[in-house]
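Trainee: Sequence:
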Amino acid sequence: MEQYVIKGGNPLVGEVEIGGAKNAALAILAASIMADETVTIDNLPDVRDINVLLEAIKGIGAIVDRLDAHTVKINGSTISGMSVDYEYIKKIRASYYLLGALLGKYKRAEVALPGGCDIGSRPIDLHLKGFRALGATVDIQHGLIAAQAEHLKGTHIYLDKVSVGATINIMMAAAMAEGKTIIENAAKEPHVVDVANFLNSMGAGIRGAGTDVIRIVGVEKLHKTEYSIIPDQIEAGTFMFAAAATRGDVTVKNVIPKHLEATTAKLLEVGCEVEEFDDAVRVVCAKRMHHTQVTTLPYPGFPTDMQPQMAVILGIAEGTSTVTESIFENRFKYVDELTRMGANIKVESNIAIITGVEGYTGARVSAPDLRAGAALVIAGLAAEGITIVDDIYYVERGYEHFEEKLASLGAQIEKVSSEKEIQKFTLKVS
Numbered sequence: 004m005e006q007y008v009i010k011g012g013n014p015l016v017g018e019v020e021i022g023g024a025k026n027a028a029l030a031i032l033a034a035s036i037m038a039d040e041t042v043t044i045d046n047l048p049d050v051r052d053i054n055v056l057l058e059a060i061k062g063i064g065a066i067v068d069r070l071d072a073h074t075v076k077i078n079g080s081t082i083s084g085m086s087v088d089y090e091y092i093k094k095i096r097a098s099y100y101l102l103g104a105l106l107g108k109y110k111r112a113e114v115a116l117p118g119g120c121d122i123g124s125r126p127i128d129l130h131l132k133g134f135r136a137l138g139a140t141v142d143i144q145h146g147l148i149a150a151q152a153e154h155l156k157g158t159h160i161y162l163d164k165v166s167v168g169a170t171i172n173i174m175m176a177a178a179m180a181e182g183k184t185i186i187e188n189a190a191k192e193p194h195v196v197d198v199a200n201f202l203n204s205m206g207a208g209i210r211g212a213g214t215d216v217i218r219i220v221g222v223e224k225l226h227k228t229e230y231s232i233i234p235d236q237i238e239a240g241t242f243m244f245a246a247a248a249t250r251g252d253v254t255v256k257n258v259i260p261k262h263l264e265a266t267t268a269k270l271l272e273v274g275c276e277v278e279e280f281d282d283a284v285r286v287v288c289a290k291r292m293h294h295t296q297v298t299t300l301p302y303p304g305f306p307t308d309m310q311p312q313m314a315v316i317l318g319i320a321e322g323t324s325t326v327t328e329s330i331f332e333n334r335f336k337y338v339d340e341l342t343r344m345g346a347n348i349k350v351e352s353n354i355a356i357i358t359g360v361e362g363y364t365g366a367r368v369s370a371p372d373l374r375a376g377a378a379l380v381i382a383g384l385a386a387e388g389i390t391i392v393d394d395i396y397y398v399e400r401g402y403e404h405f406e407e408k409l410a411s412l413g414a415q416i417e418k419v420s421s422e423k424e425i426q427k428f429t430l431k432v433s
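Residues 4 to 433 (our numbering) make up the sequence shown, in order.
Be aware that one or more of the hints could be misleading.
So the derived label-pair ranges between C-beta atoms look like this [what the hints assert, rightly or not]:
| no. | residue 1 | residue 2 | range |
| --- | --- | --- | --- |
| 1 | SER421 | TYR161 | 51 to 57 Å |
| 2 | GLY64 | ASP142 | 21 to 27 Å |
| 3 | LYS431 | SER83 | 51 to 57 Å |
| 4 | THR323 | SER433 | 49 to 55 Å |
| 5 | GLU5 | GLU187 | 24 to 30 Å |
Straight line, CA to CA, 20 Å or less: simulated EDC-like cross-link-like pairs of lysine to aspartate or glutamate [unchecked claim]:
| no. | residue 1 | residue 2 |
| --- | --- | --- |
| 6 | LYS256 | GLU407 |
| 7 | LYS227 | GLU40 |
| 8 | LYS418 | GLU399 |
| 9 | LYS261 | GLU20 |
| 10 | LYS94 | GLU407 |
| 11 | LYS132 | ASP71 |
| 12 | LYS418 | GLU5 |
| 13 | LYS76 | GLU20 |
| 14 | LYS76 | GLU40 |
| 15 | LYS93 | GLU399 |
| 16 | LYS336 | GLU351 |
| 17 | LYS256 | GLU223 |
| 18 | LYS423 | ASP394 |
| 19 | LYS132 | ASP163 |
| 20 | LYS431 | GLU407 |
| 21 | LYS93 | ASP394 |
| 22 | LYS61 | ASP71 |
Don't read these hints as lab results, they were simulated from the structure.
Glycine included, each C-beta is placed from N, C-alpha and C at the ideal position.
Please put together the full structure from these sequences, using the hints given.
Mentor: Okay, structure coming up:
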């Protein structure tokens, strides 16, 4: 098993380039099979989740041609199977996007119930409600979701709660349904907009993505396209918070500053300086940060995927802060690990009460999920002494060359796979 070993205490300084958005890329790759012509997608992040989904797409018979680490050509004309193997689904939740894509194109699909990070229940009943509203029959048996329809017919769908996954899945199916579909209370996240733009570039008729009402006029078929994925706002936010935690000065490049507004607002509130450019942001933190209150909300609110990273910087800010998690109920599993590093955090139902300490101390910790793993790395960078982060395969699901990018900013971090390598690193840096 691989680990990160980190010697903390170095401020991060320099420039870092952000990759394509994982959450947008997963949905766009699924949507790419809806055309019978070749679709080229670039600015793909080269991370584990993307590679697993490409295997799943290959598994149902599509032609997948990986041109390089960040570019792929996909042709869905050779698809022979409508059933997506559990092997892929248990590794990544986003494989369920193949349901909407296959149902839209072939009017039937079979996908195992999803896996992914255990951050709380993420029921897919809203997805199924949407498919049924479009005229599909949906059954769940033997751990599989089977959906099929004679015809999909456009309709009016109101989502009981804002769900990114359901918005995207219903949008894909409706793109090839007969007539008009309206999705109300739709998610407004940047990756919802990116998927809509991608489908439109293939000839779909989708309007209103990015607002809470999306209107779709179904088309008979979709055609080839070339498309570049938006930058990853969560990767960008993670580096911004790493700069703050280590009292550094980092310019995060290849971003869309508008997508980072909620993250930027919190950094300004705690006392960092943030400078915005056309496609970059610079974060400078010269002194100890102040306390604040944070509540996670659907976009454009503060992202749940940035909540663990936020807690890490508040853990070493002065005063008492609160972090309220309103999206996932299991998102505080990293608190015990952070406590081992000296944090003072109490969790009461969905609220973490954080009393700032002077600093963290290095410890051996374990990543409980993707974003919490990245947060523990940030804590290790800010801590005194050596930190070892276990179970980093979670982190690698969503961050490309994470340790290399951090090292380029002056972090002392290495990926290791044995106790011997840990000792070697410790000797080298002490």
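Trainee: Does the structure keep LYS336 and GLU351 at a Cα separation of 20 Å or less?
Mentor: holds (13 Å)
Trainee: Is it true that THR323 and SER433 lie within 49 to 55 Å of each other by Cβ?
Mentor: violated (35 Å)
Trainee: Need the status of pair LYS93, GLU399: alpha-carbon distance at most 20 Å?
Mentor: holds (16 Å)
Trainee: Holds or violated: are the alpha carbons of LYS418 and GLU399 at most 20 Å from each other?
Mentor: Holds - the C-alpha atoms of GLU399 and LYS418 are around 11 Å apart, at most 20 Å.
Trainee: Is 51 to 57 Å respected by the C-beta to C-beta distance linking SER421 and TYR161?
Mentor: Holds: the Cβ-Cβ distance is about 54 Å, inside 51 to 57 Å.
Trainee: Just to be careful, I want the Cα atoms of LYS61 and ASP71 compared with a cutoff of 20 Å; is the pair within it?
Mentor: holds (17 Å)
Trainee: Does the alpha-carbon distance linking LYS94 and GLU407 stay inside the 20 Å limit?
Mentor: The hint is violated at about 25 Å.
Trainee: For a C-alpha distance cap of 20 Å, please report whether LYS76 and GLU20 respect it.
Mentor: violated (24 Å)
Trainee: When you check the alpha-carbon spacing of LYS256 and GLU223, does it fall within 20 Å?
Mentor: violated (40 Å)
Trainee: Using the Cβ atoms, figure out if LYS431 sits within 51 to 57 Å of SER83.
Mentor: Check passed, 53 Å falls within 51 to 57 Å.
Trainee: Regarding the pair LYS431 and GLU407, is the alpha-carbon distance no greater than 20 Å?
Mentor: holds (17 Å)
Trainee: Hinted pair, alpha-carbon criterion (20 Å max): LYS418, GLU5. Please report holds or violated.
Mentor: holds (7 Å)
Taken one by one, the earlier hints fail for this structure at numbers 4, 5, 10, 11, 13 and 17, listed in ascending order.
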